[in-house]
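Engineer: One-letter residues, chain by chain:
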Amino acid sequence: MKPYEIVTEPIDPQRYADYVLRPEAGAVTLFTGHVREWTRGIRTLYLAYEAYVPMAEKMLAKIGAEIEQQWPGTRTAIAHRIGELKIGEIAVVIAVSSAHRKDAYEANEYAIERIKELVPIWKKEIWENGTEWIGDQRGKPETDSGQADPAPIPPKTRRELP
Amino acid sequence: MITLYYFAGLREATGTAQEQAELEGRTVDELLDWVRHKYPHLSLDAVRVAVNEEYALPDDRLRSGDTAALIPPVSGG
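From first to last, the protein sequence lines are chains B and X. Following the working numbering from start to finish, the first sequence increments by one per residue and tops out at 162. Following the working numbering from start to finish, the second sequence increments by one per residue and tops out at 239.
Same shape as in the complex, but just chain B (with noise of 0.2 Å):
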């Protein structure tokens, strides 16, 4: 594995745990962003996603650095999966580990939002009856998952499956 990541396969998020971990560390911090089934009262039957995979590496490292920077002695692992994605399955990891927990706190939460912010990546929601592509996603209520809500959709955006 590599600390900074765009996978295809199924998440194993221990072996992201495991690389943060160190004797220095206290406090491990593990999200795991997952797909959920119900977004503004619509049904998804899975996600599709889709990177720009050398930039979207690159910008998770990024992220990376920004964390060392701003919580010095942090360690961060950051994986998010991409193609099709059924219900519950995980979507992104991210680890953190520091001597004490708040640093492993707070930069873990830093970590989902400037993926949201900065990272090509993109997440299609397929419905019964019709696809979307999902954009921006930052400062909208968070819901149970811990992933924002995208805004609703205007009727226009839509496209019907034939």
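Heads up, some of the hints might be wrong.
Below, a sample of chain X positions facing chain B; criterion: calculated Cβ distance under 7 Å [what the hints assert, rightly or not]:
no.: 1; residue: Asp221
no.: 2; residue: Val236
no.: 3; residue: Ser237
no.: 4; residue: Gly238
Don't read these hints as lab results, they were simulated from the structure. Using N, Cα and C, we set each Cβ at its ideal position, and we do this for glycine too.
Once you have looked at the hints, place chain X on chain B.
Structural biologist: For chain X alone, kept in the frame of chain B given last:
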């Protein structure tokens, strides 16, 4: 020659994942004008451009061999 990449909704709307264009010497803004002209139905309002895998500024100038990617609003996580 510049290599252009289209992703997600832009790839579907243009029917193209990548193409070559003679845009060396042009700025990022001029590149967007070229794309708008070629695909008048595209909405590029929130689209950012990455040159050689780094986000670029509107005045950045393209050189031969560069890769330029049109980045629609991202939705990872």
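Engineer: State for each hint whether it applies.
Structural biologist: Quick rundown of the hints versus the structure:
1. Asp221: For X/Asp221, the interface hint is violated, since the closest Cβ of chain B sits about 21 Å away, which is over 7 Å.
2. Val236: holds (6 Å)
3. Ser237: Holds, because the Cβ-Cβ distance from X/Ser237 to chain B comes to roughly 4 Å (cut-off 7 Å).
4. Gly238: Result: holds, 3 Å to nearest chain B Cβ.
In summary, the structure is inconsistent with hint 1 from the numbered list given earlier, while agreeing with all the others.
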